[in-house]
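Number of protein chains: 4
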Amino acid sequence: MSFHEELLEKARPIWDTMLGHPFLKETAECRIEDAVFANWLQQDYLFVQGAIPFISVMVSRAPLCVRSGLAPAIGALQEELRLFEEMASKKNVSLDNLRITPTCHAYIQFMLATAHSASFEESFALLYGAEKAYFDSWTWVKGNLKGESPWQPFIEKWSDENFQQWINWIEGVLDNLADQASTSLQEKMIEVFRLAGQYELLFWDMAIKGESWPV
Amino acid sequence: MSFHEELLEKARPIWDTMLGHPFLKETAECRIEDAVFANWLQQDYLFVQGAIPFISVMVSRAPLCVRSGLAPAIGALQEELRLFEEMASKKNVSLDNLRITPTCHAYIQFMLATAHSASFEESFALLYGAEKAYFDSWTWVKGNLKGESPWQPFIEKWSDENFQQWINWIEGVLDNLADQASTSLQEKMIEVFRLAGQYELLFWDMAIKGESWPV
Amino acid sequence: MSFHEELLEKARPIWDTMLGHPFLKETAECRIEDAVFANWLQQDYLFVQGAIPFISVMVSRAPLCVRSGLAPAIGALQEELRLFEEMASKKNVSLDNLRITPTCHAYIQFMLATAHSASFEESFALLYGAEKAYFDSWTWVKGNLKGESPWQPFIEKWSDENFQQWINWIEGVLDNLADQASTSLQEKMIEVFRLAGQYELLFWDMAIKGESWPV
Amino acid sequence: MSFHEELLEKARPIWDTMLGHPFLKETAECRIEDAVFANWLQQDYLFVQGAIPFISVMVSRAPLCVRSGLAPAIGALQEELRLFEEMASKKNVSLDNLRITPTCHAYIQFMLATAHSASFEESFALLYGAEKAYFDSWTWVKGNLKGESPWQPFIEKWSDENFQQWINWIEGVLDNLADQASTSLQEKMIEVFRLAGQYELLFWDMAIKGESWPV
Numbered sequence: 003m004s005f006h007e008e009l010l011e012k013a014r015p016i017w018d019t020m021l022g023h024p025f026l027k028e029t030a031e032c033r034i035e036d037a038v039f040a041n042w043l044q045q046d047y048l049f050v051q052g053a054i055p056f057i058s059v060m061v062s063r064a065p066l067c068v069r070s071g072l073a074p075a076i077g078a079l080q081e082e083l084r085l086f087e088e089m090a091s092k093k094n095v096s097l098d099n100l101r102i103t104p105t106c107h108a109y110i111q112f113m114l115a116t117a118h119s120a121s122f123e124e125s126f127a128l129l130y131g132a133e134k135a136y137f138d139s140w141t142w143v144k145g146n147l148k149g150e151s152p153w154q155p156f157i158e159k160w161s162d163e164n165f166q167q168w169i170n171w172i173e174g175v176l177d178n179l180a181d182q183a184s185t186s187l188q189e190k191m192i193e194v195f196r197l198a199g200q201y202e203l204l205f206w207d208m209a210i211k212g213e214s215w216p217v
Numbered sequence: 003m004s005f006h007e008e009l010l011e012k013a014r015p016i017w018d019t020m021l022g023h024p025f026l027k028e029t030a031e032c033r034i035e036d037a038v039f040a041n042w043l044q045q046d047y048l049f050v051q052g053a054i055p056f057i058s059v060m061v062s063r064a065p066l067c068v069r070s071g072l073a074p075a076i077g078a079l080q081e082e083l084r085l086f087e088e089m090a091s092k093k094n095v096s097l098d099n100l101r102i103t104p105t106c107h108a109y110i111q112f113m114l115a116t117a118h119s120a121s122f123e124e125s126f127a128l129l130y131g132a133e134k135a136y137f138d139s140w141t142w143v144k145g146n147l148k149g150e151s152p153w154q155p156f157i158e159k160w161s162d163e164n165f166q167q168w169i170n171w172i173e174g175v176l177d178n179l180a181d182q183a184s185t186s187l188q189e190k191m192i193e194v195f196r197l198a199g200q201y202e203l204l205f206w207d208m209a210i211k212g213e214s215w216p217v
Numbered sequence: 003m004s005f006h007e008e009l010l011e012k013a014r015p016i017w018d019t020m021l022g023h024p025f026l027k028e029t030a031e032c033r034i035e036d037a038v039f040a041n042w043l044q045q046d047y048l049f050v051q052g053a054i055p056f057i058s059v060m061v062s063r064a065p066l067c068v069r070s071g072l073a074p075a076i077g078a079l080q081e082e083l084r085l086f087e088e089m090a091s092k093k094n095v096s097l098d099n100l101r102i103t104p105t106c107h108a109y110i111q112f113m114l115a116t117a118h119s120a121s122f123e124e125s126f127a128l129l130y131g132a133e134k135a136y137f138d139s140w141t142w143v144k145g146n147l148k149g150e151s152p153w154q155p156f157i158e159k160w161s162d163e164n165f166q167q168w169i170n171w172i173e174g175v176l177d178n179l180a181d182q183a184s185t186s187l188q189e190k191m192i193e194v195f196r197l198a199g200q201y202e203l204l205f206w207d208m209a210i211k212g213e214s215w216p217v
Numbered sequence: 003m004s005f006h007e008e009l010l011e012k013a014r015p016i017w018d019t020m021l022g023h024p025f026l027k028e029t030a031e032c033r034i035e036d037a038v039f040a041n042w043l044q045q046d047y048l049f050v051q052g053a054i055p056f057i058s059v060m061v062s063r064a065p066l067c068v069r070s071g072l073a074p075a076i077g078a079l080q081e082e083l084r085l086f087e088e089m090a091s092k093k094n095v096s097l098d099n100l101r102i103t104p105t106c107h108a109y110i111q112f113m114l115a116t117a118h119s120a121s122f123e124e125s126f127a128l129l130y131g132a133e134k135a136y137f138d139s140w141t142w143v144k145g146n147l148k149g150e151s152p153w154q155p156f157i158e159k160w161s162d163e164n165f166q167q168w169i170n171w172i173e174g175v176l177d178n179l180a181d182q183a184s185t186s187l188q189e190k191m192i193e194v195f196r197l198a199g200q201y202e203l204l205f206w207d208m209a210i211k212g213e214s215w216p217v
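Protein chains in written order, with the working numbering: chain C, 3 to 217; chain G, 3 to 217; chain X, 3 to 217; chain A, 3 to 217.
None of these hints come from the bench; they were simulated from the model.
Please note that a few of the clues may not be correct.
When chains are identical, the list treats them as one kind, so a pair holds in a single copy or across two.
[What the hints assert, rightly or not] Derived lysine to any residue pairs resembling SDA-like cross-links, with alpha carbons at most 20 Å apart:
#	residue 1	residue 2
1	LYS190	ARG69
2	LYS190	PHE122
3	LYS190	GLN51
4	LYS12	ILE102
5	LYS211	LEU100
6	LYS211	GLU173
7	LYS92	GLU150
8	LYS190	GLU123
9	LYS211	ASP36
10	LYS27	PRO216
11	LYS92	SER70
12	LYS190	LEU100
13	LYS144	VAL38
14	LYS190	ASN178
15	LYS190	ALA180
16	LYS190	LEU48
17	LYS12	PRO216
18	LYS190	PRO104
19	LYS190	GLY52
20	LYS190	LEU66
21	LYS211	ALA40
22	LYS148	ASP98
23	LYS190	ASP98
24	LYS92	GLN80
25	LYS27	THR141
26	LYS92	TRP17
Since the model is a prediction, treat every value here as computed from it, not as a measurement.
So that you can see chain C by itself, here it is in the shape it has in the complex:
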């Protein structure tokens, strides 16, 4: 079993909860409330903005052979922001003066702190967790889609061939990194990957239940 398969195996209960999550189910069944989806869209917009510094720090610390594959992700995330802006504009969702929720804030801080202070290998496992969760979630939605979704471009974006290839590239690099890693480092990578999955769950929860700061 390759390392990325081991990660998925270790995080199976998280992934099982993710793929049956009400947010995804309601989206697939085209019955998700506009306000709920808008909530997700706004926070995920902030999340993608916050993911750019994460990737940038990773690029700065990447081995040369990984760097050239990783650097384009910065531009890809900037393009994602354009997609959010187009969709928001089309659906009358405001992206001005957004207030970040605790979960979105925490997830971004986790990524940034990891990129700066943990090993590159751990950051890479975190990247895999976040990207794989997107891919699997939206692929699940696509596979369970009933009818025509108003949010089709998001569904396509994170389930298409391009994104699949990005995931494949990450998996290959991750397996190489793990091959060189000590057992204790591998354990840290597993832990970070699992935490990424947990934050993804918290993020879907936040979108569907709403969330605010204490004051």
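Fit chains G, X and A to the known structure of chain C by using the hints.
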């Protein structure tokens, strides 16, 4: 009005909620459940462990005139860990194999990410938020104490003269940093300070309500 | 006088030495030895490789309004590496197993350390110093060129309209950053800018004189 | 052979050059010029100031089991600064408005950049290189001392039992880190260690020959 006073003014609703928080009230009235206090003790132990890297990065980026006052905080936090260990041992609270809660994890990531990637001034505002919240919270408990608390050493620790002087030093440095800061930087400092207060509230909530990861 | 003009004014003696530097003069007069130019080409190749992490960390810390203009520099530097590789191949200069010189190593470490631990404003002043030195140096070569240089693509690269616009953009952002900066921060920016110029001079010296580690 | 012994073996030519270096020889023979020693003292004072951020970042990234042994080094370096100040005062060497030399600047940037962006293991190898070079250099001076040196406190400081124990602790930790490291990581550690030795040599050279920026 000095800058640190302005911060407190801007965060008054947060502080008002903090000082009346059930966790502090029940501690002051010596009727807090052991399991609840143990929950806080365990997570705050992890928090202090995670605060050491935060302070260390700050030391590394501090102006020379601030550095000598800041560096001893690393040793002080290590001594705090000893206090947690003594109290835990005395009260039969285990500190082994603790599982960090989402809120504790998020707060630590926030500190670490800020120290690495935001300006030194913002990190310093975050430090002030965390330390001032401790000081005010435990001073409030001390002032409202009914009887003899089993957790007296914690109450003393964060309300004593030493800790007061540490707070005073932070306030003086912060005011100097703010004097040199642009309006937009001051606004970021205010925002970070407020967020620190929000995380403190989330932390007390977590202690009293319990909290766990989705899976 | 705008801030970027003030920087150039403060660093005039450095710039005067730079623009009359033997390396540039001999290149312009098409009488530079192949081995000397090869020496520069090899080390500058390593330098550009090391500049990518510098820019990446800057991207990670950039204000949103600066980030979108800064991020494409990562791709631009990767393209520069391709130019070095083409030129090296054409001129039979090896880029394999290069040994970095002390000056090239030091300059890269300076950039990386600044990006991580100094303020964003200081990093930006360093970026300006490095890029402006390139632009002015190669523009000087172009203006003083006698005949056809075998190194024409480098001369064009850093003196063309695209590069001029990049410099203009940097100058505009720098002036804005300085407007918001305290006097003491501005002084640090000046110091970093001057140091960048000094390292550029050391780099030309290294190329022409050769340089090696003590052992 | 333990890993730290392997490092020393790989760096033997550097160490051989170091221990016969004119600066150390002249110091041991009590015939070093005051101006030369003052030059070293001033730059090493700046170096120690710059080493504190290096250690602080390392503390922030250290595994828990290493952190408690590493953190006291911050205070120890602050005490070293006091020794420099006492000696400077006694010998009428000014420590005001010092201008850092290129070599001292480069060495500090190397440490800081490594602590921030390389792996913790590499930072630790760099720490070992710097500290071991001090210990061996000053122990060599002590062993070859002819007469009474005016710089006796420095000679004692870095050759005494305390410093020996610090070196021993570093060696033990380093060997453990290397045990867990892949071959490619070990190679990077060796390279960083060797570079530390090279910078030490450049530093002694700078002290004895003088050194200044181009302009």
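Going through the hints against the structure:
1. LYS190 to ARG69: between (22 Å within a copy, 18 Å between copies)
2. LYS190 to PHE122: Close inside one copy (11 Å) and across copies (14 Å); limit 20 Å.
3. LYS190 to GLN51: between (26 Å within a copy, 17 Å between copies)
4. LYS12 to ILE102: Between. Shortest inter-copy distance 18 Å satisfies the 20 Å Cα cut-off; intra-copy 31 Å does not.
5. LYS211 to LEU100: For LYS211 and LEU100, the Cα distance is within 20 Å only inside one copy (17 Å; across copies 28 Å).
6. LYS211 to GLU173: For LYS211 and GLU173, neither the intra-copy (33 Å) nor the inter-copy (39 Å) Cα distance is at most 20 Å.
7. LYS92 to GLU150: The answer is within: 16 Å in one copy meets 20 Å, while 56 Å across copies does not.
8. LYS190 to GLU123: Cα proximity of LYS190 and GLU123: in one copy and across copies (9 Å, 16 Å).
9. LYS211 to ASP36: For LYS211 and ASP36, the Cα distance is within 20 Å only inside one copy (13 Å; across copies 31 Å).
10. LYS27 to PRO216: between (29 Å within a copy, 17 Å between copies)
11. LYS92 to SER70: neither (35 Å within a copy, 23 Å between copies)
12. LYS190 to LEU100: This pair counts as between: shortest inter-copy Cα distance 15 Å, intra-copy 34 Å.
13. LYS144 to VAL38: Result: close within a single copy only, 19 Å intra versus 44 Å inter.
14. LYS190 to ASN178: The answer is both: 16 Å in one copy and 17 Å across copies each meet 20 Å.
15. LYS190 to ALA180: For LYS190 and ALA180, the Cα distance is within 20 Å both inside one copy (11 Å) and across copies (17 Å).
16. LYS190 to LEU48: Close across copies (17 Å), not inside one copy (27 Å); limit 20 Å.
17. LYS12 to PRO216: between (34 Å within a copy, 15 Å between copies)
18. LYS190 to PRO104: between (25 Å within a copy, 17 Å between copies)
19. LYS190 to GLY52: between (23 Å within a copy, 16 Å between copies)
20. LYS190 to LEU66: This pair counts as between: shortest inter-copy Cα distance 14 Å, intra-copy 23 Å.
21. LYS211 to ALA40: within (12 Å within a copy, 29 Å between copies)
22. LYS148 to ASP98: Answer is neither: 32 Å inside a copy and 49 Å across each miss the 20 Å cutoff.
23. LYS190 to ASP98: Intra 38 Å, inter 18 Å, cutoff 20 Å: inter-copy only.
24. LYS92 to GLN80: within (19 Å within a copy, 36 Å between copies)
25. LYS27 to THR141: within (12 Å within a copy, 49 Å between copies)
26. LYS92 to TRP17: neither (31 Å within a copy, 41 Å between copies)
Comparing the model with each numbered hint stated earlier shows that hints 6, 11, 22, 26 do not hold.
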